[in-house]
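Asker: So you can see what is in the structure, the chains are spelled out below.
2 protein chains.
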Amino acid sequence: MRLSNYFIPTLKDNPKDAQITSHRFMLRAGMIQQASAGIYSWLPLGLRVLKKIEQIVREEQNAVGAQEILMPTIQSADLWKESGRYDDYGKELLRLTDRHGRDMLYGPTNEEQITEIFRTHLKSYRSLPLSLYHIQWKFRDEVRPRFGVMRGREFLMKDAYSFDLNYENAIKSYNKMFIAYLKTYARMGLKAIPMAADSGPIGGDMSHEFIILAETGESEVYYQKNWFDINTLDKDIDINGDLQPLVDSYLSCYAATDEKHDPENCPLTEEELIATRGIEVGHIFYFGAKYSDALNASVAGYDGVENHVHMGSYGVGVSRLVGAIIEASHDEKGIVWPEAVAPFDIGLVNVKIDNAKCSEICHELYRRFHQIGLEVLYDDRDERTGSKLADMDLIGLPWQIIVGPRGLKSGVVELKNRKTGSSEELTIDEVLGKFIN
Amino acid sequence: MRLSNYFIPTLKDNPKDAQITSHRFMLRAGMIQQASAGIYSWLPLGLRVLKKIEQIVREEQNAVGAQEILMPTIQSADLWKESGRYDDYGKELLRLTDRHGRDMLYGPTNEEQITEIFRTHLKSYRSLPLSLYHIQWKFRDEVRPRFGVMRGREFLMKDAYSFDLNYENAIKSYNKMFIAYLKTYARMGLKAIPMAADSGPIGGDMSHEFIILAETGESEVYYQKNWFDINTLDKDIDINGDLQPLVDSYLSCYAATDEKHDPENCPLTEEELIATRGIEVGHIFYFGAKYSDALNASVAGYDGVENHVHMGSYGVGVSRLVGAIIEASHDEKGIVWPEAVAPFDIGLVNVKIDNAKCSEICHELYRRFHQIGLEVLYDDRDERTGSKLADMDLIGLPWQIIVGPRGLKSGVVELKNRKTGSSEELTIDEVLGKFIN
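Here the protein sequences line up with chains A and B, keeping their order. With the working numbering, letter number 163 in the first sequence gets 144, and the count goes up by one each step, no holes. With the working numbering, letter number 342 in the second sequence gets 323, and the count goes up by one each step, no holes.
Errors might be hidden in some of the hints.
[What the hints assert, rightly or not] Not the full set, but computed from the structure, chain A residues with beta-carbon under 7 Å of chain B:
no. : residue
1   : Ser17
2   : Ile20
3   : Ile50
4   : Phe416
Just so you know, the hints here were simulated from the structure itself, not pulled from any lab data. For every residue, glycine included, the Cβ atom is placed at its ideal position computed from N, Cα and C.
All chains should be built: construct the whole structure from the sequences, respecting the hints.
Answerer: Here it is, written out as structure tokens:
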């Protein structure tokens, strides 16, 4: 993509009203624009990141056998009245009335709707286990939306739902999602720690939040110093095997949010404990028959007897992750994207666009990278070099290639790693060789 | 995908309330489920088709230089009050109030919002031409939603918006989209005819509907008998060249919807005219400065003088297309998917799942097709053969491979083309050879 034609309205100055880093950088890098309080439009650069995150989430859901569907944003209030949540949910539920005076709502989550789908079609234990998920916009009418996409009102969530015949199988489904979540975050370059959590308005007996560490995070978290040394994620986990020992080993390592941490009874010494801040990027729940009881979703078991299905639900904040990743990965100059979610792989800066040699080399690099499937953002704008380099640092692509007349005289360009800041002068062939292998 | 694990709740009988073919087949093939009047959940098979259509639309938008963004579903009413449409739009506009009592609405279209994005960031003719699009759920509170996804309330639309300095350039942008639309529909296996149309609530002087022919279509349409002989779509159109002669040649061929067709003044003889039915699958508009005037979106021109930008908007009904394609392509047994939008490429039927040889051959075919990137739906269910074959015809994948013990004795399987119904007996190698080339 050529920056001269690309709609990235970067800002030189810090926008007021943006209190936290990710919000500030997302506005400055032209990734989003506020539409109204807590509601954002995603501009081209922001949407690219959002789509990459969404795709990683999707692949890891598919990998554990969950099937993708898509439920609508607007739901009839009837099912929510049946489950009792229409009254319970409070003012965060966006209620509305259609032209015929029917009560509707903008879904903040979909337990009722998925249970309705289940009960319509599935009647036998032979269809189980079943996990369905969708990636859809949700609305929660936060009283004080803030922190940009981190606590917005309209937000993109992946929510999965599992259906099982009994508790034992339901825990197997829960454990699969537990591992899928760890893999999902790891692929995004994030260090996520599962922590026991309260279930809130979803309900149920067991739930875990997935927290990523970020100094600017919203909540205080506590965890065992050697957590990440003990809990390395094996790439070859047999997802259909017994996952309980693995899940237990994660959970046996101390980690707790402020809500659950009790300094009096913490088993760790002060030296073994790290107190820092974190951001919730996922939450999984096992709630048994809460919704299948209320909505009468049952299947015939092995013995022909009807059982209300055991359910769990599993959320990932897809749009929130864009902000969370920035909170976890930035410096004073801007964003530092992990490779897997970077909007482009390489930023190519033409220092002097009216220099024929610079443009020729840039076009050649652009063409060659395109050929091998690398995504390049090519800064061919007529701007000062300093401003171009500042924009590149702000946008935060993993690699920068800076092509200037001085270097070209000696046959070299500059390759810079955004994360480490280290740069080296390389010939064109050497630069290509770095990426083609 | 193995059908035994896949959530496709097919129905043997015709659902009542489904008046038209596409709605009936989508319900029977387990593609969708009604959530409430005019609002549907997309089940796995339906979602696959929706995503394929979405992706074709996206690629053809990108091909003409439009840039993808994503605007939210919920908009503040303020901009609509500024444009005057808050009062004009009528009861199809889903109005709501947030917890702080602010007037909001679920966007039925996004002219105001995109104009706000434009006016915030773009100040100079040098940023033009610019086309932005998004693919987002919309809501129109139809008084009588019907025909399944064809006239739903919550629907997926691609809407693009072009911004130009003057009329002349705006027409160039319009023409690009005109050609992009023809390409889009052609890739889906559809014969689409652009027809002059009324602008309705979008406004403006010029608009064209894209109509596909289907005997079960909603509107009567009239067109010149040799329309498709004259208007073949060249694959190598230079999208940056002068498209006016090409657009003119399309528009010089007679074609009109019922609204615009005047039998008294039709230039064609009865013999030259075909009267049939059609479905609107796209609508493009040039409306000049209607919204840029109202919302004061201007850029400085070459001479430094401020001009309100000239705009157009361009809609494709993405979810509607799923139904429309079925209306245009089915037989009495079920859907006949065009290859480009088929949910899977091949349906593989194991006639006898407890026959070791049948299963072995099926697994081998499945594996080999998977290897070369073909998508296979493998019917490994314990069901009667007749029922399996009926389901395959209903689901409508382009190719069926039927593996039974009788054929395998002679070393052959049956390859059936869903569209023509023709079938042939082939060895495994021959079948693979048909697809690997």
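Asker: Okay, which hints does this one fail, numbers in order?
Answerer: 4
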